[in-house]
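Using the sequences provided together with the hints, build the complete structure.
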Amino acid sequence: MTPPTRRSYRVAIVGGGIVGLFTAYHLLRAGAGPVVVLERGFLSSGASGRNGGGVRQQWDTRATVRLMREAVGAWKRFGREFGTNVWFRQGGYLFLATTPDEVGRLHKVTEAVRAEGLDGRLLDATDVPRHAPALSLDGVLGATFLRTDGTLYPFPGVWGVYEAVRALGGEVCLGVEVTGVRIEGGRAVGLTTSAGPVDATTVVNAAGGWSADVSRLAGLAVPNVASRHEILATEPLKPFLDPMVIRLSDGLYFSQTMRGEVVGGLAVPHPTGTRAGVPTSVAFLGSMSRSLVRLVPALAPVGVLRAWSGYYDDTPDGFPVIGEDPRLPGFVHANGFSGHGFMLSPASSKRVAKAVMGEPTDLDPAQFSPGRFLDPHRAATPEGLQPG
Amino acid sequence: MDPAPDPRPGAGAPGPDLRSLRTRSTRYHRPRAPFCGVGYCTNCLVRVNGVPNVRACRTPFAPTDRVEVENAWPSSRFDLLAAFDVVFPHGIDTLRGFRRPAFARGFYQRVVRRLAGTGALPTPTRPVGTAPARTIETDVVIVGAGTAGRACAGAVVGAGGRPVVLEREPGAAAVDGAEVVVGTTAVFLPPPVLGRPFPFQLIASAPGGSATEVHARRVVVAVGGYDASLWFAGSDRPGVLTADGAERMHPAKRPGFHRAVVFGGGPRALEMLNRFPEHVDAVVAPGTIDPDVSRRASELDIPLYPRTLVLGALGRSRVERVRLTRRGGSSPTFEIPVDAVVLAHRRLPHAQLFFQAGARMAWRPDVGAYSPAIGACGETSVPGLFAAGEPAGAARPDDAVRSGEVAGAAVVAGGPSPSLPVAPAPEGRHELEGYYQEWLAAGPGPGKVVVCPCEDVLLPELLDATDRGYRGIEVIKRYTGLGTGLCQGRYCLPDALFVLAARERRPVPEVGYITQRPPVVPTSLGALAGLPEPGGPPP
Chain X
1 MTPPTRRSYR VAIVGGGIVG LFTAYHLLRA GAGPVVVLER GFLSSGASGR NGGGVRQQWD
61 TRATVRLMRE AVGAWKRFGR EFGTNVWFRQ GGYLFLATTP DEVGRLHKVT EAVRAEGLDG
121 RLLDATDVPR HAPALSLDGV LGATFLRTDG TLYPFPGVWG VYEAVRALGG EVCLGVEVTG
181 VRIEGGRAVG LTTSAGPVDA TTVVNAAGGW SADVSRLAGL AVPNVASRHE ILATEPLKPF
241 LDPMVIRLSD GLYFSQTMRG EVVGGLAVPH PTGTRAGVPT SVAFLGSMSR SLVRLVPALA
301 PVGVLRAWSG YYDDTPDGFP VIGEDPRLPG FVHANGFSGH GFMLSPASSK RVAKAVMGEP
361 TDLDPAQFSP GRFLDPHRAA TPEGLQPG
Chain V
1001 MDPAPDPRPG AGAPGPDLRS LRTRSTRYHR PRAPFCGVGY CTNCLVRVNG VPNVRACRTP
1061 FAPTDRVEVE NAWPSSRFDL LAAFDVVFPH GIDTLRGFRR PAFARGFYQR VVRRLAGTGA
1121 LPTPTRPVGT APARTIETDV VIVGAGTAGR ACAGAVVGAG GRPVVLEREP GAAAVDGAEV
1181 VVGTTAVFLP PPVLGRPFPF QLIASAPGGS ATEVHARRVV VAVGGYDASL WFAGSDRPGV
1241 LTADGAERMH PAKRPGFHRA VVFGGGPRAL EMLNRFPEHV DAVVAPGTID PDVSRRASEL
1301 DIPLYPRTLV LGALGRSRVE RVRLTRRGGS SPTFEIPVDA VVLAHRRLPH AQLFFQAGAR
1361 MAWRPDVGAY SPAIGACGET SVPGLFAAGE PAGAARPDDA VRSGEVAGAA VVAGGPSPSL
1421 PVAPAPEGRH ELEGYYQEWL AAGPGPGKVV VCPCEDVLLP ELLDATDRGY RGIEVIKRYT
1481 GLGTGLCQGR YCLPDALFVL AARERRPVPE VGYITQRPPV VPTSLGALAG LPEPGGPPP
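Heads up: the protein sequence lines correspond to chains X and V, in order.
Quick note on numbering: the first sequence equals residues 1 to 388 in my numbering.
Quick note on numbering: the second sequence equals residues 1001 to 1539 in my numbering.
To be clear, the hints were calculated from the coordinates, so they are not data collected in a lab.
Please read all numbers here as calculations on a predicted model, not as lab measurements.
Don't take every hint at face value.
[Claimed, not checked] Below are the DMTMM-like pairs computed for lysine to aspartate or glutamate, each with C-alpha atoms no more than 20 angstroms apart in a straight line:
no.	chain 1	residue 1	chain 2	residue 2
1	X	Lys76	X	Glu163
2	X	Lys76	V	Asp1093
3	V	Lys1253	V	Asp1339
4	X	Lys238	V	Glu1070
5	X	Lys238	V	Glu1068
6	X	Lys354	X	Asp364
7	V	Lys1253	V	Asp1176
8	X	Lys76	X	Glu116
9	X	Lys354	X	Glu70
10	X	Lys238	V	Asp1085
11	V	Lys1253	V	Glu1278
[Unchecked claim] Chain V regions said to be covered by chain X (calculated; three or more residues, Cβ under 8 angstroms):
no.	region
12	1083-1096
13	1342-1349
For glycine and all other residues, C-beta sits at the position ideal for the given N, C-alpha and C.
See the structure below:
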């Protein structure tokens, strides 16, 4: 355990994943310290160390395309700025449609992507082998491809931002659990932790799959739901696959990492909530293998090396929750990333830092604010491209 | 311990001679030779009939099979890509190197990407289908038909039961009254779902790329153990191998080495002396040497080096000599000319299935490993799951028989109540704790210390991580990649625990547990694809 060294901080961030660390980084860069990040487990023990490393700009909401376009720039610069290599490789993202309805959805995505000035392409099934020759085209009707999308290796992202936060004087307390949110006069004024109480002008909830629990500690009901997603990695092979491939029909996604492993997942139903821990299920191993072998028959003799699981922090509309909670001044949300927190974090955390400092952001409140779920008359348009 | 089959060269089966097979490592193309002999390490991987990463040590070959070496050009004996090993004496820093200039990003990525991976995408010369899994329902399944598993099966049969016994080796003998399923490796045992008629669902990989699914009321895991590795400069060099490897791959009469150092001072070292009396030149041990080992060695006129550090295995294409120094700090180093180092100092229990099933695990300083916490009958903290043999702490064959019989009787009787008696925690330090402390203090040996041979992770990468303040095995594993390769950490994480304990100045259990993710051994996508669809009829 690394306990906090002071009693009082300007900002206390709950969760030492990539979102919490990047938020601390942007706050410290803006001179808004002292900042403490409280992490219950070890570095990268949550979704930041369990995700598939995808980074995509293909969405059907233009605001998300824009945010991700900024994030892609940040990931490209990451090694030079933070000293560690995330090996962000822009091999593209290939979405596969197998029904006319899915082709229509991809059409809409490509329109949004192109409207933001990116080179998204709608492909016929016959164009697919050019980007991924190993795929069997059985049942594929169409696809989209954006070659500036890509994949990265998540761990060095965590190390790099962690080191930068520490170099800027931020504290990252590992093995310290937040047990309560202290409220005085209707304002969040700090936390109680397994290492004693901490005072803070602002508390940031960046607890990922556990963010609803942290909000509840503050007496706030939120619609965030933790959902468990499973993933596996195969034996490392020599490079044969450049893009990340996603099939809309069953949410199958996979890519080949810089180390050569095929890493991918597929959603199988699990009860919501984090009580199950992070086990692997037989149902996942079976469904994932069937789905992957059907699409890439040559992989049938390739061994699965390991499987694991982690938590998405899902919101009803699939958009993250960024900003101060209107019900509790001093309590800022940086959660609800619905499985896309790692890729978004360099861009989204800048906005979180601004919200902490009370500055306006460029985010549409109807899409990102915590208050959007409090409006009973709100007509929510969920993000449509949320497979897997 | 599993029954040892005849090593391939003696058995006369076709396929590469494991005594002379040479492969290359993934990143630096270092020369490698079969190391473990029991199907876990990456040193005997070959491409067979277009299928990559086939373990030669566990594969029956047909005369018509097309066997190719992977990862080498033009050949594994003369590999031009081994230039990477020479050009980068301190390794390639993929974590912090290759960051500038910005315009070279794509070029660096292509180069580093090409260095990764073992074997290329399969191009099977005969179709690889996905066979539906075979399903077995049984009261009691026993995993492992070694000494403990057979004793356990005998006890269950004696009490009127008819157990199913899964055995990884293809040639295991029958047990009267039991169904022995051979050539089948248990790879995944999720926690039982209590309340189902068959709470346990065990997944095994069977020959021919298919899966077997066993639904059982109770499970006895008697999977034995394996001989551990050791870290020193050149420990990945051809000629360094485990006692398992020596036993499985080298016929006693005509082994692939002439003069070996046996490392270890216990029963396993004695077995090596007895197996290769003509071919052992020295016995080197990290601590004291057992009296019966000393006696046998003096009969054979073999010198003993107790309390000695292995600093390096030197040589060109294989071990030519070992560099040693007595423990205690101020002793000079000395070298012995040998062509093999047989690691026989430490046997570790196979603990993956227990961990997967959710059993409480405990650090055993006497063994230097984590194993399931068990009660008097081998019962674990998971109701219905029992341990027998090496995972239950049995070190000798008669202990293994007894633990198998006791677990067999308990499993038939319905087992003792799941309230686990709290066994006194074993105390003390394993001899390797002090050993590795002194080894680190002795400084780097001659050449690279490859701590994770599967991924070619070097010792300085691990030391750099601890210098930067990263602590605990879980983070170090993710930071360095140590233990994430094809052996899933079997041959590096147990040693990493001791080295990290020394670096972090805290006891081994505080360095952390080695998470063991399914499957136990790589299992083909084709086999797993044959598992029944979810939502099918419940067992």
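Count residues of the region 1342-1349 of chain V with a Cβ under 8 angstroms from any Cβ of chain X, then say if the count reaches three. Check failed, 0 qualifying residues.
For the pair supplied as a hint, X/Lys354 and X/Glu70, confirm whether the alpha-carbon distance does not exceed 20 angstroms. Since the Cα atoms of X/Lys354 and X/Glu70 sit roughly 16 angstroms apart, the hinted pair holds (cutoff 20 angstroms).
Please verify whether X/Lys76 and V/Asp1093 have alpha carbons no more than 20 angstroms apart. 19 angstroms, holds
Hinted pair X/Lys354 and X/Asp364, Cα distance within 20 angstroms: Roughly 14 angstroms separates the two Cα atoms, so the pair holds.
Decide if the proposed pair is consistent with the structure: V/Lys1253 and V/Asp1176, CA atoms, cutoff 20 angstroms inclusive. 34 angstroms, violated
Please verify whether V/Lys1253 and V/Glu1278 have alpha carbons no more than 20 angstroms apart. Holds - the C-alpha atoms of V/Glu1278 and V/Lys1253 are around 9 angstroms apart, at most 20 angstroms.
Hinted pair, alpha-carbon criterion (20 angstroms max): X/Lys238, V/Glu1068. Please report holds or violated. 15 angstroms, holds
Keeping to a limit of 20 angstroms between CA atoms, is the pair of X/Lys238 and V/Glu1070 held or broken? 10 angstroms, holds
Between the alpha carbons of X/Lys76 and X/Glu116, is the straight-line distance 20 angstroms or under? Status holds; Cα separation ~19 angstroms.
V/Lys1253 and V/Asp1339: Cα distance at most 20 angstroms? 16 angstroms, holds
Does the structure keep X/Lys238 and V/Asp1085 at a Cα separation of 20 angstroms or less? 19 angstroms, holds
Holds or violated: the region 1083-1096 of chain V covered by chain X, criterion of 3 or more residues with Cβ-Cβ distance under 8 angstroms? holds (count 3)
Checked against the numbered hints above, the structure violates hints 7 and 13; every other hint is satisfied.
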